[in-house]
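There are 2 protein chains.
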Amino acid sequence: MPDQSLSQVRTPDAPAAEPGARASGVSRRALLGTAGATGLVLGAAGGAVGYAAAPAGATPLTALGSGRAMFHGKHQPGITEGLQARGHLVAFDLVAGAGRKEAAALLRRWSTTAERLMAGEPAPHDDTDVARDAGPSSLTVTFGFGHGFFGKTGLEKQRPAALDPLPDFSSDRLDKSRSDGDLWVQIGADDALVAFHALRAIQKDAGSAARVRWQMNGFNRSPGATAHPMTARNLMGQLDGTGNPKPSDADFEKRVFVPASGEPAWMANGSYAVVRRIRMLLDDWEKLSTTAQEQVIGRRKADGAPLSGGAETTPMDLEKADAKGDYLVPLNAHARITRPDRNGGAAMLRRPFSYHDGIDADGTPDAGLLFICWQADPLRGFVPVQRKLDRGDALSPFIRHEASGLFAVPGGAAKGEYVGQRLLEG
Amino acid sequence: MPDQSLSQVRTPDAPAAEPGARASGVSRRALLGTAGATGLVLGAAGGAVGYAAAPAGATPLTALGSGRAMFHGKHQPGITEGLQARGHLVAFDLVAGAGRKEAAALLRRWSTTAERLMAGEPAPHDDTDVARDAGPSSLTVTFGFGHGFFGKTGLEKQRPAALDPLPDFSSDRLDKSRSDGDLWVQIGADDALVAFHALRAIQKDAGSAARVRWQMNGFNRSPGATAHPMTARNLMGQLDGTGNPKPSDADFEKRVFVPASGEPAWMANGSYAVVRRIRMLLDDWEKLSTTAQEQVIGRRKADGAPLSGGAETTPMDLEKADAKGDYLVPLNAHARITRPDRNGGAAMLRRPFSYHDGIDADGTPDAGLLFICWQADPLRGFVPVQRKLDRGDALSPFIRHEASGLFAVPGGAAKGEYVGQRLLEG
Chain H
1 MPDQSLSQVR TPDAPAAEPG ARASGVSRRA LLGTAGATGL VLGAAGGAVG YAAAPAGATP
61 LTALGSGRAM FHGKHQPGIT EGLQARGHLV AFDLVAGAGR KEAAALLRRW STTAERLMAG
121 EPAPHDDTDV ARDAGPSSLT VTFGFGHGFF GKTGLEKQRP AALDPLPDFS SDRLDKSRSD
181 GDLWVQIGAD DALVAFHALR AIQKDAGSAA RVRWQMNGFN RSPGATAHPM TARNLMGQLD
241 GTGNPKPSDA DFEKRVFVPA SGEPAWMANG SYAVVRRIRM LLDDWEKLST TAQEQVIGRR
301 KADGAPLSGG AETTPMDLEK ADAKGDYLVP LNAHARITRP DRNGGAAMLR RPFSYHDGID
361 ADGTPDAGLL FICWQADPLR GFVPVQRKLD RGDALSPFIR HEASGLFAVP GGAAKGEYVG
421 QRLLEG
Chain W
1 MPDQSLSQVR TPDAPAAEPG ARASGVSRRA LLGTAGATGL VLGAAGGAVG YAAAPAGATP
61 LTALGSGRAM FHGKHQPGIT EGLQARGHLV AFDLVAGAGR KEAAALLRRW STTAERLMAG
121 EPAPHDDTDV ARDAGPSSLT VTFGFGHGFF GKTGLEKQRP AALDPLPDFS SDRLDKSRSD
181 GDLWVQIGAD DALVAFHALR AIQKDAGSAA RVRWQMNGFN RSPGATAHPM TARNLMGQLD
241 GTGNPKPSDA DFEKRVFVPA SGEPAWMANG SYAVVRRIRM LLDDWEKLST TAQEQVIGRR
301 KADGAPLSGG AETTPMDLEK ADAKGDYLVP LNAHARITRP DRNGGAAMLR RPFSYHDGID
361 ADGTPDAGLL FICWQADPLR GFVPVQRKLD RGDALSPFIR HEASGLFAVP GGAAKGEYVG
421 QRLLEG
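Going down the list, the sequences are from chains H and W. Numbered continuously in UniProt numbering, the first sequence closes out at residue 426. Numbered continuously in UniProt numbering, the second sequence closes out at residue 426.
If you are wondering where the hints come from, they were derived from the structure by calculation, not from laboratory data. Mixed in with the good hints there might be a few duds.
Since the list gives no way to pick one copy over another, a pair counts as held whenever it fits inside one copy or between any two copies.
To be verified - Result set (DSS-like, lysine-lysine): computed pairs, CA atoms no more than 25 Å apart in a straight line: (1) K324 x K287; (2) K157 x K320; (3) K176 x K415; (4) K152 x K176; (5) K301 x K388; (6) K287 x K176.
Same shape as in the complex, but just chain H (with noise of 0.2 Å):
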């Protein structure tokens, strides 16, 4: 019985909802606790700084609320924890007069800011109450510099040769005031409120040194909403992430943080993030039948396994070929295109939210995925698979990539430390 009433908390040891798991804050004890679970759930949130007590009569927070991530670490959080069900993404450029003594300033109140958040407490200065009363909620912040940012603090030198501006893809059709960035915030939660309530926070944080560039909001499953054990739906229909890296693999590590070792110094356990804007044209893509569709991407649908057959994890055989001498996976497939071991081994883990911004004036919706993916090193990473896709991808007539950042990602702060102190204060 323990096992099923905690489905939903995903905990290092138990399965995770996609590649990573996220750490819990709070005990099996002070979950299944009769001792006023929420008090116990306040206490691990911070306890004395913390919001008051919640009324007498409250019920316990579930596992959705209690979920909690950390913000010290190796790395950043928000980059291998499972999805979240809410996200807001949001760019900022530094303002004119504003240089690295203010950016070291305002990456110290982010910090600050993140770290309390997470933890469910309230915002330093002036919280506006909107997360009162709700669990940290899996909460996670992360940070970003983008090119732009580095020239305008004085830091030339110590901007990545990663952070170069990604080729033009000829299928790009990207809108640059929702693109880029000097600053790029990533902000994701299992409720809602609370992840509004981060994004407002940091907005406030910037004051008078930054000022909002883009701002994009998203959103995944529910955790607990569907009995698929690993892998996301899109909205298109289709299991996205079977390919991803998973961290039991020998090289994740390697493939998605830049080593301890590595240049500059103060990317080190960093990570970049490709950000794209993707959005599907669902009005054609749903006019295809689901055998069409299974075509272009080279999946079934139904349950994501390749269509040489097996199940969903089963490798997939570009080699099998019907009767007639052609291939299971055609030529064009997704997936087939995407494959690792057909792009020098390339491999970046995907961690996207669907967004859904309304419909249009022409009744065609304004949806599609917020696609983030993450790698050491982004000339190893996206950049070869989209040379690839924009080549002769069978899913292009149903995309269109309108947005694209790329951001630095310093490694997880020390206590005491804030993000990016290294690169700020080096």
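With chain H's structure known, arrange chain W on it following the hints.
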């Protein structure tokens, strides 16, 4: 322990997160049993006509996923159930040439789709698979008719007087392109992909009979994210809904629903929905101190207690004054003005979603409340309260009504019937 593990299941006999309670199509045995909870849930959700069985090794659905509201009944779903984590509002206009016959066929298609999706089954035609693997997740789909519907279908004589346009309020800043509509559909679910799946199916069902006029997305807390027993917070950080009528109130049915013997006959057991997109001017609001915010509302922000003292549910003492003779609840406080006993007994059931459509070019958030209120008669529910608010609500400087709609929502369909059948075939 069973009580704790089921704390998210809002059954009629358990405390609900919001005014009403949500039927569960799944027994406690199904949730807690060890005989393959997934199979039981899918069985409850329709068995043979549902999606294929979940893959081997699937984890059981939790309470969130298996929550199920009933399509058939005295009232339509989506009125008295607890708040859902995700919502879509969409209004349609009948296209030129579509009349009563086309409208009847559309409502029949919509009802079939709603019944199936609410049971966790695929749409009748061309299902997109976006909800595949997920439980019903407390999906509700609710249908209403706007003023313009009746003229286009030759049913003017059946148009209720209660659908007469709302009076103009001096503080309204309404965008007509996002207001009104011949048909209105409210979709709510605890999972964002389940809700999106339903929205796409409903939009596709409209076919050539109706086109989208406007569409809005909203959200509430995820079940289990908060320990608060009763009331949700809005994006201003206030507890919102404290004064809502409760299903246990003797006059609840009378205030919210048209009586079975009511006029017109096709509206028996129906209700009228007033929908307002209320933008919150959060940058201004958040500049106020908590004390100043509490004076605007008339309640404490932390726990919702009236400024006259007590706890959230303590009746407000409107006459109580401080040593200087000033009322503890200011004369223009929002909670004083909206008190039912000061509005001729007016009461409406508010069941809103928050919304957040990103950040405007000037950096301000496009966020607020998709206010939805339900009442037997708008002239005795929304209108008198809004008239008073329009004259002197301290909250007015911090909100802006940007869109408005008024819809006649007929009673629930009996088995074999479709929603609105008594109007369209009467």
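Cα distance capped at 25 Å. Does K287 pair with K176 within a copy, between copies, both, or neither? Classified as neither: same-chain Cα gap 31 Å, cross-chain 32 Å, threshold 25 Å.
For K324 and K287, with the copy left unspecified, which applies at a CA distance of at most 25 Å: within, between, both, or neither? For K324 and K287, neither the intra-copy (27 Å) nor the inter-copy (71 Å) Cα distance is at most 25 Å.
How would you label the pair K176, K415 (within, between, both, or neither) given a Cα cut-off of 25 Å? neither (37 Å within a copy, 53 Å between copies)
At most 25 Å between alpha carbons: which applies to K157 and K320, within, between, both or neither? neither (50 Å within a copy, 67 Å between copies)
If the cutoff is 25 Å on CA atoms, where do K152 and K176 land: within, between, both or neither? Let me know, please. within (19 Å within a copy, 44 Å between copies)
Status of K388 relative to K301 across identical chains (alpha carbons, at most 25 Å): within (23 Å within a copy, 55 Å between copies)
Of the numbered hints listed earlier, those contradicted by the structure are 1, 2, 3 and 6.
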